[in-house]
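Number of protein chains: 2
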Amino acid sequence: MIEDFIFQNTTKVYFGKNQLQHLGEEVSNFGKKVLLVYGGGSIKRNGLYDRIMEQLKASGIEVFELSGVEPNPRHTTVNKGAEICRKEGIDAIIAVGGGSTIDCSKGISGLVMSDGKNDIWELIESGTPLMKGLPILVVLTMAATGSEMDAGAVISNMEINQKHAIGGPGVRPRVAFEDPTNTFTVPAYQTACGSFDIMSHIFDVEYFSKADTMDMLKRIQEEVLNTVIKYAPVAVKEPDNYEARANLMWASSWALNDFLYDGCSQDTVCHEMEHELSAHYDITHGHGLAIIIPRWLEYILDDSTAADIARFGRRCFGVDDQLSDMDAAKAAIEALSDFCFNKLGLKSNLSDLGIDASKFDIMAESACRGGVLNSIKPLNKQDIVEIYKMCL
Amino acid sequence: MIEDFIFQNTTKVYFGKNQLQHLGEEVSNFGKKVLLVYGGGSIKRNGLYDRIMEQLKASGIEVFELSGVEPNPRHTTVNKGAEICRKEGIDAIIAVGGGSTIDCSKGISGLVMSDGKNDIWELIESGTPLMKGLPILVVLTMAATGSEMDAGAVISNMEINQKHAIGGPGVRPRVAFEDPTNTFTVPAYQTACGSFDIMSHIFDVEYFSKADTMDMLKRIQEEVLNTVIKYAPVAVKEPDNYEARANLMWASSWALNDFLYDGCSQDTVCHEMEHELSAHYDITHGHGLAIIIPRWLEYILDDSTAADIARFGRRCFGVDDQLSDMDAAKAAIEALSDFCFNKLGLKSNLSDLGIDASKFDIMAESACRGGVLNSIKPLNKQDIVEIYKMCL
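Chains A and B are the protein sequences, given in the same order. Heads up: the first sequence begins at 1 in this note's numbering, then just goes up one per residue. Heads up: the second sequence begins at 1 in this note's numbering, then just goes up one per residue.
Bear in mind the hints are in silico, worked out from the structure with no lab data behind them. Treat the hints loosely; a few may be bogus.
A few chain B positions that, by computed beta-carbon distances, are all more than 10 angstroms from chain A [claimed, not checked]:
#1 Phe5
#2 Asn18
#3 Ser28
#4 Gly31
#5 Arg51
#6 Ser59
#7 Glu65
#8 Thr185
#9 Pro187
#10 Arg311
#11 Leu323
#12 Ile362
#13 Met390
In silico lysine-lysine, BS3-like type, Cα no more than 30 angstroms apart, as pairs [as the list claims (entries may be wrong)]:
#14 A/Lys359 x A/Lys389
#15 B/Lys12 x A/Lys210
#16 A/Lys237 x A/Lys210
#17 A/Lys132 x B/Lys330
#18 A/Lys80 x A/Lys117
#19 A/Lys132 x B/Lys12
#20 B/Lys32 x B/Lys80
#21 A/Lys17 x A/Lys237
#22 B/Lys17 x A/Lys210
#23 B/Lys210 x A/Lys17
#24 A/Lys33 x B/Lys132
#25 A/Lys210 x B/Lys230
#26 B/Lys32 x B/Lys17
#27 B/Lys210 x B/Lys330
#28 A/Lys132 x B/Lys210
#29 B/Lys237 x A/Lys210
These numbers were taken from a predicted model, which means no experiment stands behind them. In this text, a Cβ means the ideal position worked out from N, Cα and C, and glycines have one as well.
Given the sequences, and given the hints that come with them, work out the whole structure.
In structure tokens, the structure reads:
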């Protein structure tokens, strides 16, 4: 039976090439003091920082800065940002970057409004949904996480090698500027990782779901996958192909967005497994997922899952209709591996990333928190260790 | 080149079987006095009226009523509703019904907040966007227009046989309750008409667009069409098939919704032609569109449009990939006609609805307002007359 759900997504998106001119007016709706949050400085090299500052200056906005947000954003950086917001009386946060910068901003936004807490990790451990938050505006520079229209964030605590999710309606970005030309400078490797991250949301959160998902949504999920399958290899080869970058950017926003996941069981087992890898080895999230997901599908393939995996292969990789579900599912997994490791050029094994089996046990234990990861096929600790081994 | 656009859709949707319990709390966010707007009273026969009143009573809401909203809602009914709202100090409107009831409610909502105007037709003629509106909540009883998540309305003035659109962000429903079981009692004919109305939004507003639409959106548009092609005949035959009703209901909300039409040229030429038919003959909108659209496609088919129409046929009706674009386009139109007139069982000609050629000239003149209807292929008055003749 199709599950009941509540859908609401309030983010206002300015999509396209000539939209940044609206940044000042949108910020002014919230106040005059902003915290500009960004990463390693590529936005200074490519001119985006200057264009943003120009817009803010013209609108009389006072700008404070938090730079150096890490690819897997740290709880300490979140705490630092919240401190600035409180000290300076910040009215809104502008996140300029991809998922890490946006997630860090969400952490700051929620922490500032959390009635006196100073450490985001405390909030994460309490499991409290973030109902209130300082307004967040996003200038997106990477197509990957969907964090620009979503209410969730993932924060890392490297002191204890943990990476956990937090979120709530208060930290969903109010406004997002999605200009595909801002992704022209994303290197091929990050483009490939980001593209697989988009796909991973569909695989892991939605499509291979134990819920009885509406057929319309399954069809749309397949077409978002097909969009990435078509355009990711183009963007890897031709970084300034606008059509490819635009399709990937809009796909990223919708792949992890209430429309596509409401009514799905949102199990995220592969994300749990990957978060362990990132938390222990600080690897790129999308790459970790590209290594895990084909192996996970191989591991869970049996008579109960074959039809779903076969459908994916037929609709997304043109797998022969004449094959049995089991053979079609095998062909689908092979096609997906070929896509990740040949078309996108990602390295196919954990050992290629310098990861060995030494922590599999600890990571598996942590991924399933000593119990079972529920999904289309429930996984216990031993299952997870086996999947890690297949990735070696 | 893909067009820039701004996306925002703030409607909160409660989807599913057990959601009406949230009506009272949602209404209470806006106040204590509501105007309940509905049509001919089927909601009294099927028990929905009682269930709604029970919820409102439990939340201490005072209810005023406007019943008898017409299938093509009249400007006079809108004016009457606005008068009640002003006199009684109404805080919010609850529209219980399909597109007509919702559109009527949007007219009321905008008129009440229009600084002293008493006639919605004045507002329509002024072309002013409705930036402010009394909050609207919807309890949807029919899958068709998408008005439940959209910011537009169509109102008829039968005194002068005109049917025109009006809208703006102020009248977009704040909350919509979409319970597929509330459509179980929709008769087969209305189910068929509503289903084609869903498809018509994709054909006329989005898919056959002169804009260079993002491929991802075209793919998703195709899958919403496929959803209707799959489930409409099921719902016509099995009115209480939950899976079919759920897919059709969610398809209706997304077919005419910023996500699917932002960046498209939103030409609506067939809607302009159909609005003339409804304004002069008061026929069911979706039926008028089902008669017009296959003929329109036939009329505009040439070397410049064949590829687009062929793609539709291949992706939605399994038209043979080996056929030339021109032959595939012809097959697509044939398949669409077969779907409308055989699978959905709709009568195929205007003459079947008692319409003759006597007003074609007046209607064509009015449809293009003496100029040209811009679209994938611009249509002047003579073109429109020719298309009407093909429908006879």
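Taking the hints in turn, this is what the structure says about them:
1. Phe5: violated (5 angstroms)
2. Asn18: At roughly 6 angstroms from the nearest Cβ of chain A, asparagine 18 of chain B sits no farther out than 10 angstroms, so the non-interface label is violated.
3. Ser28: Correct as stated: the minimum Cβ-Cβ distance to chain A is 17 angstroms, above 10 angstroms.
4. Gly31: Nearest chain A Cβ is 20 angstroms from glycine 31 of chain B, so the label holds.
5. Arg51: holds (16 angstroms)
6. Ser59: holds (18 angstroms)
7. Glu65: Glutamate 65 of chain B clear of chain A: closest Cβ-Cβ about 28 angstroms, beyond 10 angstroms.
8. Thr185: About 19 angstroms separates threonine 185 of chain B from the closest Cβ of chain A, which puts it past 10 angstroms; holds.
9. Pro187: Its Cβ never comes within 10 angstroms of chain A, the nearest being 23 angstroms, so this holds.
10. Arg311: The assertion about arginine 311 of chain B holds, with a minimum of 14 angstroms to chain A.
11. Leu323: Non-interface label stands for leucine 323 of chain B: nearest chain A Cβ at 19 angstroms, farther than 10 angstroms.
12. Ile362: holds (40 angstroms)
13. Met390: The claim holds: methionine 390 of chain B sits with its nearest Cβ about 32 angstroms from chain A, beyond 10 angstroms.
14. A/Lys359 x A/Lys389: Cα-Cα ~11 angstroms, so holds.
15. B/Lys12 x A/Lys210: holds (25 angstroms)
16. A/Lys237 x A/Lys210: violated (37 angstroms)
17. A/Lys132 x B/Lys330: violated (55 angstroms)
18. A/Lys80 x A/Lys117: holds (13 angstroms)
19. A/Lys132 x B/Lys12: Roughly 18 angstroms separates the two Cα atoms, so the pair holds.
20. B/Lys32 x B/Lys80: holds (21 angstroms)
21. A/Lys17 x A/Lys237: holds (21 angstroms)
22. B/Lys17 x A/Lys210: Holds, at roughly 19 angstroms.
23. B/Lys210 x A/Lys17: Answer holds: lysine 210 of chain B to lysine 17 of chain A is near 20 angstroms, not above 30 angstroms.
24. A/Lys33 x B/Lys132: Holds, at about 28 angstroms.
25. A/Lys210 x B/Lys230: holds (23 angstroms)
26. B/Lys32 x B/Lys17: Judged against 30 angstroms, a Cα distance of about 25 angstroms means the pair holds.
27. B/Lys210 x B/Lys330: holds (20 angstroms)
28. A/Lys132 x B/Lys210: violated (43 angstroms)
29. B/Lys237 x A/Lys210: holds (29 angstroms)
Checked against the numbered hints listed earlier, the structure breaks hints 1, 2, 16, 17 and 28; every other hint is satisfied.
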